[in-house]
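Required output: the full structure, derived from the provided sequences and hints.
Note that the sequence shown covers residues 0 to 335 in numbering that gives the first Met the number 0.
Simulated from the structure, these hints should not be mistaken for laboratory data. Just so it is clear, CB atoms sit at the ideal spot from N, CA and C, and this is done for glycine as well.
Computed spacing ranges between beta-carbons, pair by pair:
id : residue 1 : residue 2 : range
1  : P162      : G82       : 28 to 36 Å
2  : K278      : K146      : 47 to 55 Å
3  : T223      : I76       : 17 to 25 Å
Derived DSSO-like pairs (lysine-lysine); straight-line CA-CA distance at most 30 Å:
id : residue 1 : residue 2
4  : K188      : K239
5  : K94       : K125
6  : K73       : K42
7  : K152      : K231
8  : K69       : K42
9  : K145      : K188
10 : K146      : K231
11 : K184      : K239
12 : K160      : K146
13 : K278      : K42
14 : K226      : K146
15 : K160      : K328
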Amino acid sequence: MTRSFASCAPHAPLSRRSALTAVAAGLLPWSIPSHADTNWPAKPVTLVVPFPAGGGTDAFARPLSAQFAKIVGKPLIIDNRGGAGGTLGASIAAKAAPDGYNYFMGAVHHAIAPSMYPKLDYDIEKDFIPLALLANVPQVLVVNPKKLPGDFKAFMDFVRKNPGKLNYGSAGAGTSHHLAGELFKLQTKTFITHIPYRGAGPALQDLIGGNVDMMFDGLGSSATHIKGGRIKALMVSGSKRNPGFPDVPCAAELGLPEYTVTTWYGLWAPKGTPADIQKHMLDQIRQIGQSEEIKAIWAGNGAEFGNLTPEQFAAFVSSEVKRWATVVKASGAKLD
Numbered sequence: 000m001t002r003s004f005a006s007c008a009p010h011a012p013l014s015r016r017s018a019l020t021a022v023a024a025g026l027l028p029w030s031i032p033s034h035a036d037t038n039w040p041a042k043p044v045t046l047v048v049p050f051p052a053g054g055g056t057d058a059f060a061r062p063l064s065a066q067f068a069k070i071v072g073k074p075l076i077i078d079n080r081g082g083a084g085g086t087l088g089a090s091i092a093a094k095a096a097p098d099g100y101n102y103f104m105g106a107v108h109h110a111i112a113p114s115m116y117p118k119l120d121y122d123i124e125k126d127f128i129p130l131a132l133l134a135n136v137p138q139v140l141v142v143n144p145k146k147l148p149g150d151f152k153a154f155m156d157f158v159r160k161n162p163g164k165l166n167y168g169s170a171g172a173g174t175s176h177h178l179a180g181e182l183f184k185l186q187t188k189t190f191i192t193h194i195p196y197r198g199a200g201p202a203l204q205d206l207i208g209g210n211v212d213m214m215f216d217g218l219g220s221s222a223t224h225i226k227g228g229r230i231k232a233l234m235v236s237g238s239k240r241n242p243g244f245p246d247v248p249c250a251a252e253l254g255l256p257e258y259t260v261t262t263w264y265g266l267w268a269p270k271g272t273p274a275d276i277q278k279h280m281l282d283q284i285r286q287i288g289q290s291e292e293i294k295a296i297w298a299g300n301g302a303e304f305g306n307l308t309p310e311q312f313a314a315f316v317s318s319e320v321k322r323w324a325t326v327v328k329a330s331g332a333k334l335d
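So this is what it looks like as structure tokens:
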């Protein structure tokens with residue numbers, strides 16, 4: 000089930016735009032030599048998910064876990080460790096035994112965290128081994144349809160007439176949800192209050208319940224609720240509509256050409272994990288990504304499965320750390 004892709008210099012710098020274009024086109028190589036210990040895995044494998052159940056990371060981790068058990072024959076145990084904008088779980092994962100049985104499913108939030116949390120006890124670029132870009136999904140502006148207009152123009156008129164009276168929920172301070180909200184405020188010159196939660200799941204539940212007015216969420220966690228009519232999508236970020244939600248206008252067509260925010264999810268191993276087991280794990284992930292079940296779930300969530308090599312994923316993460324440092328500085332975003 001191995002696919003061949005066009006070759007690319009393994010250590011060449013990779014821009015964020017080039018990486019995501021290649022992800023969408025499926026053109027980057029992911030050819031992993033297979034000479035790992037054939038006894039791996041001899042026991043269940045643990046995947047730390049740094050947010051509570053019900054959020055965007057969980058929406059991709061659960062089906063990944065199910066397919067891993069089906070294809071590999073051993074459980075991939077999801078260990079939800081929410082708190083501090085995803086940094087608590089990252090800290091736990093960084094300290095896990097590098098024995099090939101511990102992995103971390105982080106996200107764009109962990110590229111933002113170095114600019115928001117000055118005293119992190121881990122370094123996302125030094126304490127982990129980057130393995131794979133698992134999913135890339137655009138951010139979406141969603142509202143409670145019982146509280147706010149379901150049309151973007153009417154929504155903006157209402158927001159501008161009520162400065163400081165509306166709020167938006169996020170998965171936590173310093174997450175992409177938070178920065179997406181601050182970037183929106185900056186570009187639209189509006190004032191909306193930020194309310195951080197311990198994950199996208201709890202924030203979404205409060206949005207549905209009417210306790211918060213809106214969210215700048217990843218489609219992965221919002222998709223089911225949008226389709227069920229519990230929340231209303233007003234806009235997807237970027238310059239094109241999402242194929243999974245073709246009726247939702249994109250930011251560019253609504254007059255926000257520079258509003259581009261994506262939520263991406265990646266797989267890391269603790270530093271020191273044996274190289275042969277890394278390669279074996281990647282081979283399984285590649286196979287899982289090609290399964291019809293995963294393709295259908297990713298498409299339903301408006302997502303794409305990444306095809307970056309570990310080196311390219313490392314370059315992508317590094318570019319994201321730099322990009323979000325610029326956004327944090329420009330927006331003046333701070334921990335609440």
